[in-house]
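Asker: So you can see what is in the structure, the chains are spelled out below.
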Amino acid sequence: MTDPVISVRGLSVAYGNEQAVRDVNVDIPARQITAIIGPSGCGKTTLLRSISRLIELVEGVRVWGEVIFQGENIYAPHVDVTEIRRRIGLLAQRPFPLPMSIYENVVYGPRLHGERRRKVLDAIVEKQLRAAGLWDEVKGRLHAPASTLSVGQQQRLCLARGLAVEPEVLLCDEATSALDPVSAQRIEARLIELKANYSIVLVTHVLRQARRLADYVIFMYLGELIEHGPASQVLNDPREAKTRAYLKGEFY
Amino acid sequence: MAVLAIFATALVLFIALALLMRARPLLDITPLSSLLTASDWHPLRGQFGFLPFIAGTLWVTGLAMVLAVPPCLLCAIYLAEYAPRRLREALKPLIDLLAGIPSVVYGLWGTLMVVPLIRAVITPWAGKHLRFIPVLATDNPTGYSVLAGGVVLAVMVFPVIISVTEEVIRAVPDGLREAALALGATRWQMVKGVVLRRSLPGVIAAVALGFSRAFGETMAVMMVVGNVPQLPRSIFDAAYPLPALIANNYGEMMSIPLYDSALLTAALVLLLVVLVFTLAARVVLLQAVRRGT
Amino acid sequence: MGKHFEERIFLGLMIASTVIVVGSLVLILGTVVTKGLPALNLQMLTQVPKGGYYLGKEGGILNAITGSLALAGGATLVSAFLSLAVVLYLQLFAPNTRLAYLVRLSLDVLWGVPSIVYGAFGFTLLLLLGLRASLLGGIITLALLELPIMVRAMDEVMSMVPFELKEASYALGATRLETALRTVVRQTAPGLSTALLLALGRGIGDAASVLFTAGYTDRLPTSFLRPAASLPLAVFFQLGTPVPEVQQRAYASALVLTVIILLISLGARLLTRRLTRHVIR
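Chains as they are written, first to last, in the working numbering: chain A, 1 to 252; chain B, 1001 to 1293; chain C, 2001 to 2281.
Treat the hints with caution; some may be incorrect.
[As the list claims (entries may be wrong)] Straight line, CA to CA, 25 Å or less: simulated DSS-like cross-link-like pairs of lysine-lysine:
| hint | chain 1 | residue 1 | chain 2 | residue 2 |
| --- | --- | --- | --- | --- |
| 1 | B | Lys-1192 | C | Lys-2003 |
| 2 | B | Lys-1092 | B | Lys-1192 |
| 3 | C | Lys-2035 | C | Lys-2057 |
| 4 | A | Lys-119 | C | Lys-2003 |
| 5 | A | Lys-119 | A | Lys-139 |
Hints listed in this document are in silico derivations from the structure and should not be mistaken for laboratory results.
This is chain A alone, in the form it adopts within the complex (with noise of 0.2 Å):
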């Protein structure tokens, strides 16, 4: 592949004394989607959440190896986590709104960061809400409480708000699970025109998910990484036998 956005080198993490994942080594390719598939409880998570630190949330969690990205290994002792954060973005599975309107939940992150320029916040509005195909809907209700949107509008404007800090790459962690088909089919429309510009990384359960939105895959099983390809390859003629196993269906 051309120059891979993040490179997993040695990744293993571990919950207390349970090892979670084991010695993972993958490219993630830039301006595609990645699908990170598994049954539950394969470490897919752990290891989407390890990609921008966030899995240094859960107390008592130890991780070992490197992440590079941007040319330098983000669990280096000198990098400064919240900009990484800033640049790998997360869209979670249950919608969490904060506490604020919709127009202050999109620029939350930009005034995070030191924006202050009230037209330029409008701008950054208005573009990532379109990008997140809610603009049309709100647009004339951005000061009302994000509280009072539907679950699948809340979703997109995690979307929105995720976007607001344009980061490089998107980290999708079941993010339509939890929503109506019809919200989830705008999501999932909403991500395959944003590559162009981000890389996405999404860890589903939902083999028909991935293939509809995968160019690349990782097949993750017990906590270790067992095939990665491109997705015409993995989904259609994988090389290992639990890939097939699993995308028989004969274990999730």
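Please build the complex by placing chains B and C on the supplied structure of chain A, with the hints as guidance.
Answerer: Coordinates of chains B and C only, in the frame set by chain A:
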């Protein structure tokens, strides 16, 4: 069994009614409003102006809140958001221990440590350097003052404010914290802008509960505040809070006409204030915790 | 960087605040121990005040120790029966009803009522009943004071009983009362005991409520209708004298009081730990 439950509910009413009944003789003569605003306290002459005592209570309680709220909030935030789990689990029982220490022991500590400190160190220092601030000027060198009462009371309400605030903060869902951090916020930015914002009603309720507890506190304050029936004009002045009034004079209650009515009116006033604050705080708290989960 | 700087300042303030809070505890306990220990001796614990005690002569605070135990012990017992009945009613006979909400709200309010008000109410009650300041009066007043504390603690414990347990009992044909007494109370016994200890600790330490209602005496509590001494009041009265020896005894009394309460608190905490080990989830 239902009868007992109803009895428990009605107990508040019983207490209020009983107090009212005995307070009636005085209230029939002088309306409550004038009792609360008059400043002359001469029981032998039948004059019962509560104002100095109400003022005293407000000064001491107010000062206690000013002294207690900032450290309590900071400590609660630290415990809820920053302290490693082991430290939090070690510290919480210690803080709860403060809640178990009896009032008289606080009073004892006050007389042995706080009052001398104020007398020997703080009053002279303030007299020299802070003379120009009216609320700090004084001619009371004894150390038995609003300040002493405020300090002791502040420590007494530490556990209430801290534990309730900590609970409210922890009720905020983790997903919200993650959302803020994922946008590049520092831990503090996340706490300040998101967690505290979300838990603000609960924090206010915690403070209200602390206020309510401080308002009715008797023994500890009584032992350090001087018990001089005057309107305090400075934190170094002595004061005479309402609970102390009741406790100090119950012995003579029955021998002077209307004295018992006056003291029980004071008790009634205490009850009503505490009732209002507790109800308000509970209602707000219930909502705050429910929203967080 | 600006944003990290602000965090560092506040973190410093937070730690300082925590130090202040824990430090206060250390200062208070430290004062009680360093002042009280020198004045504590066997005589203090085993004798009642003899003539001239308050002028510095012979005697001890046995009257107050036994008085406190009798007052708080009696009150806790009375309150325990009342509380258990109320909580069982709330949990099993009328759960989730309007009445239950009202009862809980009222108890919350009662929890916040200052002890001096309980004392004033108790005094009024005694006058009404024609009683004088006595052991019985103190027990009644303290029982009312302890009621909201106990009910709240018991309520919390009982809420943790999984529904399946009660369901299993009903399925076997037990009435609600039988289920209450045989199943729920047994399952929650450690937790209920903790609630008792919690309230007991509060009762022993309270002065304002027994001030008018239990009176004070130099004798041991032998009769319900005679006044009873209590440790908090012992501290208060002894501290108020001008005689230095007696003031020392106040410190010792405070130490005894504090130790008793710490022991009760420790007991409660150990019981809670034992409880959580056996709870079925």
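Asker: All the hints need checking, so say for each whether the structure fits it.
Answerer: Going down the list of hints, with the structure as the test:
1. Our distance criterion of 25 Å between C-alpha atoms is met by Lys-1192(B) and Lys-2003(C), whose separation comes to about 12 Å.
2. Between Lys-1092(B) and Lys-1192(B), the direct Cα distance comes to roughly 22 Å. Compliance with the 25 Å bound is thereby established for this hinted pair.
3. This hinted pair checks out: Lys-2035(C) and Lys-2057(C) have alpha carbons roughly 20 Å apart, not beyond 25 Å.
4. Between Lys-119(A) and Lys-2003(C) the CA atoms are separated by roughly 23 Å; this keeps the pair inside 25 Å, and the hint holds.
5. At most 25 Å may separate the alpha-carbon atoms for a hinted pair to count; Lys-119(A) and Lys-139(A) meet this at roughly 16 Å.
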